[in-house]
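Chains A and B, in that order, give the protein sequences. Mapped onto the working numbering, the consecutive letters of the first sequence carry residue numbers 1 to 354. Mapped onto the working numbering, the consecutive letters of the second sequence carry residue numbers 1 to 308.
Please keep in mind that the hints were generated in silico from the structure rather than gathered at the bench. It is possible that part of the hints are untrue.
[Stated by the list, open to error] Heads up, simulated DMTMM-like pairs for lysine to aspartate or glutamate below, C-alpha to C-alpha not over 20 Å straight-line: (1) B:Lys75 - A:Glu139; (2) B:Lys78 - A:Asp54; (3) A:Lys248 - A:Asp54.
[Unchecked claim] Going by beta-carbon spacing under 7 Å, a handful of chain B positions derived as facing chain A: (4) Lys75; (5) Leu76; (6) Gln143; (7) Asp147; (8) Ala148; (9) Ser151; (10) Pro153; (11) Ile307; (12) Gly308.
For clarity, every value in this text was computed on a predicted model and none was experimentally measured. All C-beta atoms, glycine included, are put in the ideal place defined by N, C-alpha and C.
Residue-level listing of the chains:
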Amino acid sequence: MSNPPSATATQAPAGSAGSAAASASAASAAIAASAVVPEAAAPATSAAAIICSDLRKNYRDTVALAGVDLRVERGAVFGFLGPNGAGKSTLVKILTGLVHPSGGQGEVLGGKPGSRAVHRRLGYLPEQFRFPQWLTGRELLSLHGRLMGIEAEAARLLDLVGLGVAGDRKIGEYSKGMQQRLGLAQALVGDPELVFLDEPTSALDPIGRRDVRDILTHLRDRGMTVFLNSHLLTEVERVCDRLAVIDKGSVIAQGATEDLLQSPGLSVRVGELPQGSFEDFAARSWSEVAPPTYADGVITLPGVAADEVPAVVHRMVEAGLPVYEVTFARQSLEEAFVQLIREHHPGSDGRAGA
Amino acid sequence: MTDPGTQHPDSPRGLAGPHVAGTETASAAPPSLAEGCPSPARGPDGTRARPRRGIAAVGPRFLQVWYRNAFVFVKLWKTNLFPPLIEPYLYLLALGLGVGFYVSEIDGVDYLTFVAPGIIVTSAILQATFECTYGSYFRMSFQSTFDAIISTPVNPEEVSMGEICWGASRAALASGAIMVSLAAFGRLELIWAPVILALQFLVGMQFGALSLLITSKVRQTEYFNFFLSGIIFPAQMLTGAFFPLSRIPEVLQPIAWAVPLTSAIDLTRGIMLDRLGLHSLLELAYLIVATVVFMELALRNMRRRLIG
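Pulled out of the complex, with its shape left as it was, chain B reads as follows (with noise of 0.2 Å):
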């Protein structure tokens, strides 16, 4: 900036005296003043060029958004590290070796092989769900961090993106720490490991946007109980998790079926027990599809909420 001195001949002090509303008018905008309402740019032909919107706003500013969050979380990673890294060795403890006790096979296989897809699963929705509800939430109505991020050049879509992938690596590092396990257990093929992990990811990138949309219009922290109570426990529950598809009653196989996670849990299922087949690529695509309609939904309502 150049010297104040040169730079404003006019000093503030230059101004007509006190405006007092009624009395004198403000200076007219000039005719290139910029329209507050949005004022959509035009195009090198002349017509209005939308505004990008949604995924297509994003850019790659969102690493940043995703690095500041990785750093807060190494920061105290004695303390972050500790819940995803032991609460699915108790689901494995409680259900592998304790109901896996009194199970001798399910589905061909042994109780703990059967549910351990289920557990890497769970795990990764879980992480995502709880960092991209109560953990962005935090981050945008306590400690307007979103605030301060925005007024940077990076946009509300960078930062939802960011705080999806966070979300998602979250869910990716607690499947990572229960294939860990269930490697020492042998009841994982380590070949498979990158691919469980980069579908865990996909995973965390689905609920990571489903919650972040529930952020979007949620006011109070309460209510992410009915999401939690009412979608993700439910869902948690009744996707073949923990138990076959076929025990619950035909009529409701369907609805469980349109629920992503079951593909989520199906797939990864089949990648554990070599069960995949073209049923496997229609999951896939369906957990793309879903993953990428969710993500739309949470870019587009978390800028409406960020910036009205």
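In isolation and in its complexed conformation, chain A is listed as follows (with noise of 0.2 Å):
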């Protein structure tokens, strides 16, 4: 395990709450420099790093998880999403074994979640968790070593999360985003096989999000298991290779990130039509799907893949078709969210806090 240079940490302005650029570029060092997860680790007992089946729990009259049943593979970054009081502290506390479930089964990193020997290879950042601020970044690291049973190569982790200069500043100090990052490297004291991050990048600007996302990216080709609890949708698309969304105590959706998110189709911006052209193009080239539709100087072709796109351009100029623009959308995780939450509650608004 190589430590990062110390030229990377020297970038990053000393007691600079707001530097982020600078700090982004020592983070980004960081990454490159630091192998987080070593290489022989214990030998994983289950191809997965989570499963739950018909995971429930009830606070005697509330039902908080009405059976869950969720995968998650090793080595993914997983996503998880959820209206306000749909479930998802819930879950993320039984896996950590901070609260028990009522019923069904659950299983972390091939054991009983909460037992000791799964605590022992699990990071965990819990939401709203606020550190005395009177200690230094280092001081806290080293505690939670300490808590851990183990040394924490606290200034190994602290380049990790950008914060490689600030490290023997009090935490007070520290803006909101550097709070968060320090949450980040207590969370991967003791290299865990999998870590659990509760609202990770809540706080932080632009930057901030970005450096977070790189980091997650890296424990990801690390080989670590991510499960990334979040409201910020964009980051969640961003970041997690598969994600599941929880609504009411139930998973109404899992997968792969992009499947989730479905095309619409091509846009495409036209100028004016000469007479007949549209209907022509319409009728000729694409009766035996979803018709194109034209409207205020767009036409929609819905169900187009992405591999098509060179083949309609190229047709619709043989069809005489004017074009300026062509945009291949597709549906943000947003957009997807809100219709899966109306799906399964009709006349609900997708109000989402995610």
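Join the two chains, each given in its own frame, into one complex according to the hints.
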């Protein structure tokens, strides 16, 4: 395991809470140089990092989880979404051993959630975690290492999250973003195989979010499994390989991120159409699929796959349509999320706390 | 961890496409899947071994929780040490020198000598009580510190024991501070200081455990007012700390003796005034039993509070 070069640490200005750009470069360099997960670790006992089967939790008369089925493969960055009160935190707490389920089965890293053997290989950043303001970042990591029963590699972890030069400053002097990155470093103490992150980017500026994205991507590249619970759908969309959506205690969708994002097709902005050209194009070329539509200077072609776009544009030009702009539109995660919630609960406004 | 490329031949995308509720079921759980609900492990003889709870579940990792609190405390030693060092002196000044001026003798000794053990013990219980009520509650509910700790190999019982021991440590610290001044006033023989300090640690454990038991039940800090105003402060006043128990109505005296604090004060006074006897052993036994009971209840209820 190599330590990042000291030069990277000195690139970030000390004491600059708002110096996200400088710290970003330090973080990126640290990521490139740092080996987060040891090459040899405990043997995998299960192909999946997390398996939930009919996992249930009731709080008296309130059903928090109504039977969750979930599978997270090892090495994945997994996004977990749902409206406020959907059961996200309950599931995370069950999987981290902080809450006992009422029923069903759960497996984390091949073991029972909450068992000491699993906790040794687990990292967790709780939501709304607050640090003792008068400790330094280095001291916090050291204390957490003692709780893990190890000596934390504070310097490496601080470099990894771009806090290399701020490690000896009091946490009270950190910006919110720096504190959040410190929380991420704390979750990585002990090189866990699986890390649960509850809203790790909520207090970060755009550059800080990009830093965290880079770190998460790097962790995945090193084989670490990341379970990301986030309200920020854009972040989840960018960083997660797979995701699940939970609503009212049930997982209503899970799968590869790109598979959950439906493509509405091709959107083509055209100039003034020659008489009958659009009708001719629509009749000749696309009668076998959902027909193209024209409105306000835009022709929409549903169901067009990405590799069909060049041929479609060629046909349009051949048909005499004045093509100005071609957009291959993909549904955003936010749109997909709202659509899923609405489909699951007709009449809902899809209000997404995610 | 091995290289992901070899360790995970089935990449995440190798799974089936999106799973939408109602259209596809999740992978069946393997037979070995651990029960999410309490799943007692089986012992070598095939019988189900009951998971350890309460004091039996405490391992040495509670010391790391204690160390964490101590480390944070020392970082702010100037602020943190001021109240426990100053408050007992104010009591000494007000009661020993102020009230004592008007009381020539009480229970065969001057008032300062009489009240000194009471001040030592009440200082200890207040430190332990505040640490394991407001202090623990803030760490549990507002800072999510306990969540972060429990996600490590430290279990809930060890977290609670670390908190109780830290409360007891603060109790001993406060008692030690007042004992220094009492020694200066000639009211304490130094040879007994370690014994008295150890006794105050025990008292701190007892009130720390009782306070943590309360903490495991409250949902808002305002509820601590009932505990403090309804139990701690009356107990502080009516258990012989500042005047002899003989002054309270006889009908209430058994109740006063049922409160372990009375035994703690009487035992401390017995050590300081060389009035130990067989009753002192009974008082010590009562203190230990009460401490163990409070601790067991606190650890079990905190487990319920922390992990449901």
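Going down the list of hints, with the structure as the test:
A C-alpha spacing of about 10 Å is found between B:Lys75 and A:Glu139, which places the hinted pair at or below 20 Å, so the restraint holds. Taking the CA atoms of B:Lys78 and A:Asp54, the gap is about 53 Å. The hint is violated against a cut of 20 Å. For the suggested pair A:Lys248 and A:Asp54, the alpha carbons sit about 14 Å apart, so the restraint of at most 20 Å is met. Annotation: B:Lys75 was flagged as interfacial toward chain A, and the flag holds, the nearest CB pair being 5 Å apart, inside 7 Å.
Nearest Cβ of chain A to the Cβ of B:Leu76: about 6 Å, under the 7 Å cut. The hint holds. The interface hint given for B:Gln143 is met, as the beta carbon of that residue sits about 4 Å from the closest beta carbon of chain A, less than 7 Å. Because the smallest distance between the Cβ of B:Asp147 and any Cβ of chain A comes to about 4 Å, under 7 Å, the interface hint for this residue holds. Hint status for B:Ala148 relative to chain A: holds, with the closest Cβ pair at about 6 Å, below 7 Å.
The interface hint given for B:Ser151 holds, since its Cβ lies 4 Å from the closest Cβ of chain A, which is under the 7 Å cut-off. For B:Pro153, the shortest C-beta to C-beta distance to chain A is roughly 5 Å, which falls under 7 Å, so the interface hint holds. Among the interface hints, the one on B:Ile307 holds; its C-beta lies about 5 Å from the nearest C-beta in chain A, closer than the 7 Å criterion. The beta carbon of B:Gly308 comes within 4 Å of a beta carbon in chain A, closer than 7 Å, and the hint placing it at the interface holds.
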